[in-house]
Amino acid sequence: MAIKSYIEAVTEALAEEMERDQSIFILGEDVGVRGGVFRATAGLIEKFGEDRVMDSPLSESAIVGVTTGAAMVGMRPVAEIQFADFIFPAYNQIVSEAARIRYRTKSDWTVPLTIRAPYGGGVHGALYHSQSIEALFHHVPGIKIVMPSTPYDVKGLLKASIRDNDPVLFLEHKRCYRLIKGEVPEGDYTIEIGKADVKREGDDVTVITYGLMVHYALEAAETLAKEGISTHILDLRSIKPIDREAILEATRKTGKVLIVHEDSKFGGVGGEISAIIAEEALFDLDAPIQRLCGPDVPAMPYSPPQEKFYMLNPTKIADAIRELAKF
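So the sequence shown is numbered by UniProt numbering: it starts at 1 and just counts up by one.
Do not take every clue at face value.
Capping the alpha-carbon separation at 25 Å, the derived lysine-lysine pairs in DSS-like fashion look like this [claimed, not checked]:
(1) 181 with 316
(2) 316 with 226
(3) 106 with 199
(4) 316 with 253
(5) 326 with 316
(6) 265 with 195
Simulated from the structure, these hints should not be mistaken for laboratory data.
Starting from the given sequences, assemble the full structure and let the hints guide the process.
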């Protein structure tokens with residue numbers, strides 16, 4: 001099986017889906033000749049032409065508005081938001097239009113639209129190129145949110161997102177693009193959206209996480225294994241729908257749960273995961289649920305020491321697991 005990077009898995013999934021289905025096209029800033037600011041669409045305009053890989057004006061609202069309309073009349077577009085930080089001008093199009101059209105038309109109209117957006121920090125991107133935006137959409141019914149951590153999951157979940165008949169927000173951690181590599185099967189496969197994956201079996205503490213934090217948690221678990229602490233790691237892969245059964249099963253596995261995400265703690269996805277556990281598995285717990293998240297400050301700073309303060313890392317996660325294991 002070939003070893004590919006996270007971003008190569010993105011490109012491969014897009015190319016294979018465009019070959020399979022002529023109704024798929026890509027719209028975004030610099031996705032054509034340049035091949036995307038991160039090169040995720042590199043080579044696709046040469047292969048599929050400028051009618052299917054289209055550069056847009058610098059207008060996220062237009063990108064999502066046009067692709068939402070195209071999806072309603074039978075196309076299956078992929079919109080690229082160059083950085084997730086700039087998705088806010090399109091927020092109204094996503095929430096008020098794409099997410100609601102099936103409901104308000106009693107399923108007469110659907111929006112099979114995939115919106116790809118690189119998110120996250122640790123790349124010295126500062127205030128406007130480092131944000132985690134998932135919590136701002138997590139509350140919205142009618143849209144799915146996928147946040148894969150490995151190249152294998154990227155390819156299978158991106159294909160599933162493109163084939164989905166409802167809008168999917170596909171969030172790619174930009175630090176994973178070239179840092180994370182792994183086995184990716186040749187040819188076609190999909191992964192069901194809404195199914196979590198156990199990335200490591202363990203008996204002492206359960207870590208529930210997604211995206212880049214999966215890899216930091218795995219690194220922390222390796223360190224702690226040498227100290228005799230066994231860590232169970234659940235990768236949610238999709239946060240909407242969220243895999244409630246997998247969360248509860250992972251909770252009951254150890255009775256001690258640490259939720260880890262890069263986004264701010266207050267109002268973050270971790271709060272919803274905590275509520276699920278508290279409502280349905282309270283008496284399976286041996287310790288209070290813990291959350292390790294980004295600090296509640298307005299944005300990630302550019303200053304390297306301050307960025308380091310903001311970002312989670314394997315050491316911070318290992319410290320949190322170690323403390324929870326003692327309880």
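Going through the hints against the structure:
no.: 1; hint: 181 with 316; in the structure: 23 Å, holds
no.: 2; hint: 316 with 226; in the structure: 17 Å, holds
no.: 3; hint: 106 with 199; in the structure: 39 Å, violated
no.: 4; hint: 316 with 253; in the structure: 23 Å, holds
no.: 5; hint: 326 with 316; in the structure: 16 Å, holds
no.: 6; hint: 265 with 195; in the structure: 24 Å, holds
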